[in-house]
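Participant: Protein sequence lines, in the order shown, are assigned to chains A, B, C and D. At position 73 of the first sequence the residue is numbered 945 (my numbering), and the sequence of numbers has no breaks. At position 137 of the second sequence the residue is numbered 1009 (my numbering), and the sequence of numbers has no breaks. At position 208 of the third sequence the residue is numbered 289 (my numbering), and the sequence of numbers has no breaks. At position 121 of the fourth sequence the residue is numbered 202 (my numbering), and the sequence of numbers has no breaks.
By construction, these hints were calculated from the structure, which means they are not laboratory data. Hints may contain errors.
BS3-like mimics (lysine-lysine), calculated; alpha carbons at most 25 Å apart, straight line [stated by the list, open to error]: (1) A/Lys1174 to D/Lys265; (2) D/Lys137 to B/Lys918; (3) C/Lys431 to B/Lys1177; (4) A/Lys1174 to D/Lys431; (5) C/Lys392 to B/Lys1174; (6) C/Lys119 to C/Lys431; (7) D/Lys398 to A/Lys875.
Only a predicted model underlies this, so the values are computations on that prediction, with no experimental measurement involved.
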Amino acid sequence: MPKLDLVGAINLALAQEMAADPRIVILGEDVGVNGGVFRVTDGLQKRFGADRVFDSPLSESGIIGTSIGLAMAGMRPVPEIQFEGFLGPAYDQLVNQAARCRSRTRGAFTCPLTVRVPIGGGIHAPELHSDSPEAVYAHTPGLKVVMPSRPYDAKGLLISAIRDPDPVIFFEPKRVYRSIKEEVPEEEYTLPIGKAQVVSEGTDLTLITWGAMVSVCLAALDQMAEETSVELIDLRTIYPVDIETIAKSVSKTGRAVVVHEAPKTGGFGAEISSLIQENCFLHLEAPVQRVTGFDTAMPYYKLEKQYLPDGDRVLRSIRDCLAY
Amino acid sequence: MPKLDLVGAINLALAQEMAADPRIVILGEDVGVNGGVFRVTDGLQKRFGADRVFDSPLSESGIIGTSIGLAMAGMRPVPEIQFEGFLGPAYDQLVNQAARCRSRTRGAFTCPLTVRVPIGGGIHAPELHSDSPEAVYAHTPGLKVVMPSRPYDAKGLLISAIRDPDPVIFFEPKRVYRSIKEEVPEEEYTLPIGKAQVVSEGTDLTLITWGAMVSVCLAALDQMAEETSVELIDLRTIYPVDIETIAKSVSKTGRAVVVHEAPKTGGFGAEISSLIQENCFLHLEAPVQRVTGFDTAMPYYKLEKQYLPDGDRVLRSIRDCLAY
Amino acid sequence: MPIETIYTAQIQMLRLLDEEGRLDVALADPLLSDSDVKSLYEQMIVCREFDEAAFKLQRSGRMGTFPQNKGHEAITLGAAKALRKGIDWIVPYYRENPAMFLHGLPMHYVLLHWMGDERGNAIPANLSMSPLGLAIGTQTLHAVGIAWAFKLRKEDRAVLCFFGEGATSTGDFHEAMNFASLLKAPVIFCCMNNQWAISTCCSKQSAAPTFAQRALAYDMPTIRIDGNDLFASYKATKDAIDRARAGNGPSFIEALTYRLGDHTTADDARRYRPADELAAALKLDPMIRTRKYLESKNLWDEVKQSKAIEKAKAIVKDVIAVAEGIEKPTTDQMFDSMFAELPDELQRQKQTLQTDSIGQDPTQVGLQLPGDAARERVL
Amino acid sequence: MPIETIYTAQIQMLRLLDEEGRLDVALADPLLSDSDVKSLYEQMIVCREFDEAAFKLQRSGRMGTFPQNKGHEAITLGAAKALRKGIDWIVPYYRENPAMFLHGLPMHYVLLHWMGDERGNAIPANLSMSPLGLAIGTQTLHAVGIAWAFKLRKEDRAVLCFFGEGATSTGDFHEAMNFASLLKAPVIFCCMNNQWAISTCCSKQSAAPTFAQRALAYDMPTIRIDGNDLFASYKATKDAIDRARAGNGPSFIEALTYRLGDHTTADDARRYRPADELAAALKLDPMIRTRKYLESKNLWDEVKQSKAIEKAKAIVKDVIAVAEGIEKPTTDQMFDSMFAELPDELQRQKQTLQTDSIGQDPTQVGLQLPGDAARERVL
Ligand SMILES: Cc1ncc(C[n+]2csc(CCOP(=O)(O)OP(=O)(O)O)c2C)c(N)n1
Ligand SMILES: Cc1ncc(C[n+]2csc(CCOP(=O)(O)OP(=O)(O)O)c2C)c(N)n1
Ligand SMILES: [Mg+2]
Ligand SMILES: [Mg+2]
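Okay, chain A solo, but in the shape it has when bound (with noise of 0.2 Å):
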């Protein structure tokens, strides 16, 4: 079995659903010939043609606006925006209209895209290259939200993803993309959309969280003392989120922890934190502790270290909340 990165895995899981499905077209800026700033389209046009791996014009309204009619039109357009800080020109076309494409049509009229998106710091990237929105996206009923945090993973959920007969933002953690290499299977499979998965099982504290935060947490976890035992698990899927999963794992421990990169306020956190309370209320022993970027603008680089989760901060919430 071939050892893939994010990158790799995610091209592989692409090239392999174009060969098989000539309806799925491939958008965005810098994509083709380029092969996507971050190589994750690499060869794609050299392969499947200009028709069907299209660089655009730099108009990110416009690619998922277009998007939406060539899905609309029977063809499965898989766009990508170049970064999570340059979704917000596709904020409308994405919200207002792909999102609600089946419902406001009583299902005459389905919208299957798949929005491909890095997300998330700690990258040294320059300003909007760094933000984490998933739970704006979360909101939006209509939307499927996905995020995986390693190789494997990416390949299972993105072919589910581009199979979904709605619409689904992938989010792709860029400080992922080149940091994990793993065994990856040369042939086509699918993960569900929608669950969870436990990472490590613990019995005395859950940890949740997703995306590239999934690696902090478990680096925090080696240096834990060997006596805690902690559950950890990685969302994988934000909308749906697999509440099974948390509150069986919270229901058995008690306790819990959430981790994110996006501001504390209103984010995703908080709907994870209210899921527990309301599903296991009589079992919790500590109040959900949520781990979180802060509630100011992702800051530049040389404060991102000090602005996002890392192990010193997961381990500590970890030990207040044992001790509460």
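Given the coordinates of chain A, assemble chains B, C and D with the ligands onto it according to the supplied hints.
Facilitator: Just chains B, C and D with the ligands now, kept in the frame of chain A:
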């Protein structure tokens, strides 16, 4: 004291502030000759001239983007977006530009603008005229989010918003525009942004809501059995949220229900539920309940009554929570 | 070359049928046949009846907000007539009912939409059109995407996208025009300049003398036509469709017309629109000159007129009956149309019609309420 | 009038200084004085040194991503020279450092920005310019708003807005052009067409033969110039500023130039850009012909050249020292710059550097960690 409805109170506040501060400019679609589709800016162009009350082209990003420039250059723009469903095209300018103007320049530039936006359902309007996106903007560091529930508050809060040195989104619940008339002082006064109001005191349960849902909750409480005593809190400001007032109340009652029109998942009710858990954990006798819109697109009006939280759902939830 | 001219452009104005119903036969090529004109005029009568009836439905509280279409009959029907039914697509906004009806949309769908029922957007699968849309400008990008799909699949089909002059101020319109010209997509941008965007007159929408010149930015074929002229509307659209089908990409048409009614039933145009302007526009009502043309060819008379009106009234009466006869939508429809497969949380919400956790969880029963249907269902 | 021409337009191309440094004196009016040209050329040398030094800073890991400006020297300096310092405004994106330096921006600000420090955007209050911005197209609307403010306050000031040809594909650009023409705002839209938007060549950005014609949509005065020509850049901008100050509204300038470097240090143009294209462009480097002009007037020679380069190196060395000498930003700065007054929650976060409720609440103490500074502060 004149009795005014929400439209009248806002119109009065705008007129008085414009008379007092020549830096204030109103811009938006149909705000001039027509006085706005809800007549909120009625008469202002006649009184202050077409220079200061500008009928803009059909261009939401343009309305907010030029407002940012006006603000950077020392003016006090008060743009109107005709309906919350049309904030979408302005999302990028609002979230990625206006909200970050001060922080990205470390205070060298500021962006004192007040965006007025009608919000919410209940008036049998067509699609995209009945949404409740407040949670999206409350998750945007750098923006303040205000939503009055009645004419008196609207005047005081709008004047505070206009005088605030930072960007404020001022959401006006359409359903309340003409439904409540009350005495509103002729003279100017301000109400603090970031302070909730205890509408009615109680000891058994805390009911937290904002905007048009305040009246719905008040009506529900009227139908409730004498023996149960509910404390009703009108948030008035979504961000920064007044957790002190909420926590004080829930620490006393031990039970809380949050009510809002927006979809449940990722709605601002989740933030409040989490904050209550974090601040009142040892006082909670039941999980904080969320009575909200469903996780569907806001339906067309034949079903809006079924979509929006009503007295029955609020009462049932209160009873369930009390019986927990 | 210190200074040289590197690009020149011009905009032309086309009108074939004047106010008196006189046709410039030489230029009217392709030309609508007599029988076509006759049936299109009959269609205009039906649409105008529908328009007035819908207005009354709103006024009598039987329907929500409605935007009257009157004044738009010539451009919508003339343009739509240039399309091949079931092949070429129509992407509307909300003021081209005549085009949609001509291409087979059951008229009650439009009423359903404005009665606040999504089923009015459930376009029958055999029709090639998208539903009404209210987010100004957004549909222009969808139209380009649909046309792009046709091109990618090498299907010989074109897309006709309607929008108002106000829509040309949106960023989406610009991005759509740019994408279309880059893709050489088979799409026709039909801008119905009815001179008002709610209370905003077209001179406040653009400082340029025409909207047709918006297309010069993309070097796109463009023309301004008299949109109250059925023949010019047909010819300009047919020429554009032929260009598109020949692989020569998109075209832009500015159809000069007038919004004869209020913006919608929620609007009162007297607040901002000079009475004499409306009076002048009423004289240019496309139905007047179309009738004059038919009469000049002895294809129409007072008898035919009253017969046609009677027939139209009967048709519209039935349409209203159908629309009002449709059973109320269920909350299930609201949930079931969200995704191909409902996530668990949506299932729960659908079954309990509750969002609070206790209410959603049958094992956590609170006090019983009399006649609490939702609760009983889950117990 | 069945068919008539109702609008005509043409685009002109202006070039005053050819590759050999020969100036068309007749047309060069207003004309840059010899001393101006000399000092602008010296400025070019400083900027080019800065550009190369910044590139090396990134390569040696002392700075983050940086977009080289080389190739843009003539248009940025020529245009900026037409402005009145401290009066007229510059609204940049990220490839016009020369213009900002000319108008007094301390050079280390630009380094600070790319070193990931917001203080690089804290433009000194006495300068009339906004900071670098990375959201393509968005600044065009801010420029219009600033110009609008000047007009409302009846201040005799204009705004020069820079952007690339890629920016003309954004919706914001279109809305800005439309607003500006409707408002007759005193703003100059300077499109630096360097023929590439990262890997997207300009023919994939627009199907039109020029970007200058984008302005025809708004009936806005527009011209294409040779952007490697200091004199044409100055004249076109000066003419536009004069129009703006005379109350005749906005203008558009397409400055044809070339991006002589990679898009940014994160990019490798060899992946997509033909080598011979770059080779040809290097011959058109604006600095070559500016120097030839000065030499032809005996205002410059090899000695002056090496002196100027030495001086430039020294300046840039100091600038780097200043930038690298600035103390690290504190987290307090990150919080304090959010609002004029910090809400309580932000105060808590600032003090504790925690977001979890226990960590934020000194009364809820968890296990002590060695060296837990933040915690100790609140205890
Ligand atoms: C994006 C957006 N902004 C604002 C509105 C509110 N609105 C509805 S119709 C309208 C005017 C549209 O004018 P035009 O495009 O000329 O079409 P017309 O109604 O004249 O046919 C406006 C501003 C909207 N529906 N969508
Ligand atoms: C709204 C937005 N979308 C995408 C990007 C990513 N991006 C950065 S620069 C660039 C190309 C800009 O090209 P152009 O406008 O021609 O300016 P140039 O870099 O050539 O000077 C792109 C796509 C961005 N910064 N902003
Ligand atoms: Mg119109
Ligand atoms: Mg460029």
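Participant: Which of the numbered hints above does this structure break?
Facilitator: 1, 2, 5, 6 and 7
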